[in-house]
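**Q** Listed below are the residues making up each chain.
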Amino acid sequence: MKKTCSRYTPEKISRFVDNELSQDQYYAVSQHIIHCPDCNRLAGQYKSLSAVFNDHADQQKLQINPDRLRQKLLQNTPCSKKNLLGNILVFFSKNIYLQLASIAVILIICLFSFQGSLFGPTGPSAIVTSVDTDFTSVMIIETQKEKHTIIWFSET
Amino acid sequence: MVKLIKIILIFTGISCFYFFSRPVFAAGRVLTDVKVIHASMGPGHIDPGLKKIISELESVFKYTSYRLLKDRRLNLGFNQEGRVDLPGKRTLIVMPTDMDGKRIRYQINIKKNNHLIFKTRVLLRNDSSITIGGPKFNNGFLLFNISGSMR
Ligand SMILES: [Zn+2]
Chain A
1 MKKTCSRYTP EKISRFVDNE LSQDQYYAVS QHIIHCPDCN RLAGQYKSLS
51 AVFNDHADQQ KLQINPDRLR QKLLQNTPCS KKNLLGNILV FFSKNIYLQL
101 ASIAVILIIC LFSFQGSLFG PTGPSAIVTS VDTDFTSVMI IETQKEKHTI
151 IWFSET
Chain B
157 MVKLIKIILI FTGISCFYFF SRPVFAAGRV LTDVKVIHAS MGPGHIDPGL
207 KKIISELESV FKYTSYRLLK DRRLNLGFNQ EGRVDLPGKR TLIVMPTDMD
257 GKRIRYQINI KKNNHLIFKT RVLLRNDSSI TIGGPKFNNG FLLFNISGSM
307 R
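These protein sequences, in sequence, are chains A and B. Okay, so the first sequence: first residue is 1 according to the working numbering, each after it adds one. Okay, so the second sequence: first residue is 157 according to the working numbering, each after it adds one.
Note that these hints are calculated values from the structure, not bench results. Incorrect hints may appear among the rest.
To be verified - Some chain B residues near chain A, calculated using beta-carbon distances under 7 angstroms:
#1 G184
#2 P204
#3 Y219
#4 I249
#5 M251
#6 V278
#7 S284
#8 G290
Ideal Cβ placement from N, Cα and C applies to all residues, glycine included.
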């Protein structure tokens with residue numbers, strides 16, 4: 001979305017289309033795009049893009065009747081688990097926001113599982129490979145909750 | 157709507173950056189944090205900075221007072237010693253030596269009057285900590301909480 005007029009940035013035009021400007025700013029931009037073909041064209045592009053998304057989103061909203069969906073799910077439960085799964089998949093594939101949300105959730109799970117912190121600590125916080133001391137009494141303890149390693153030695 | 161697309165793109169970008177930059181231990185610096193804690197049966201008190209670790213230690217210890225005597229952050233390279241002076245003419249010497257998978261291998265020594273009294277080698281999970289305790293001090297005991305984080 002290139003433009004040559006430098007009076008308003010594409011972001012400002014986008015916010016104008018999304019109705020996110022103050023009243024004064026909104027008025028100024030609306031006056032400007034009457035005379036400026038550049039900004040006018042850009043606003044048109046954003047408008048059509050917004051329209052596509054909004055239409056799609058509205059359609060999905062209309063299509064999903066929560067009561068009917070619940071009924072359908074209930075009807076299908078005794079039949080087979082496969083049908084229920086199918087319905088859930090259809091439900092997900094029809095709604096763009098749900099799709100985006102599921103992608104985000106999958107991404108987050110991947111990130112955390114690679115760090116190994118989502119499913120709790122694996123093994124003790126520290127593995128003690130050797131202890132050497134003049135003192136006779138040394139204890140190695142691991143706490144139950146976080147598996148935190150403690151080495152205790154008595155200086156006697 | 158354009159805003160939403162931007163947010164998704166930014167989120168994806170940040171995720172990718174985070175994902176690909178994390179496992180690279182390029183510079184080989186180990187941030188080591190040593191907390192020297194005085195545990196005793198004195199009037200109930202836990203220093204604010206110690207809440208998380210003490211909630212864990214309390215399942216094992218029955219002390220009522222935990223005071224942070226010293227908190228030293230050391231930025232160490234491998235095989236570089238970090239020294240922390242302890243009460244009672246003691247010195248704690250920590251040295252990360254290498255990595256073993258996701259764990260940092262540490263050599264931890266405690267000296268008293270320049271004489272080595274305690275020596276251990278541990279494999280510390282990255283971004284985790286170990287507590288070493290035992291020396292008597294001021295009607296209580298000293299605990300050393302050592303955490304390591306490889307960036
Ligand atoms: Zn213009």
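**Q** Confirm or reject each hint.
**A** Cross-check of the supplied hints:
1. G184: Check failed: Cβ of G184 of chain B comes no nearer than 19 angstroms to chain A, outside 7 angstroms.
2. P204: Violated. Min distance 19 angstroms.
3. Y219: violated (13 angstroms)
4. I249: violated (14 angstroms)
5. M251: Check failed: Cβ of M251 of chain B comes no nearer than 14 angstroms to chain A, outside 7 angstroms.
6. V278: Holds: closest Cβ of chain A sits about 4 angstroms from V278 of chain B, inside 7 angstroms.
7. S284: holds (4 angstroms)
8. G290: Result: holds, 4 angstroms to nearest chain A Cβ.
When held up to the earlier numbered hints, the structure conflicts with 1, 2, 3, 4, 5 and fits the remainder.
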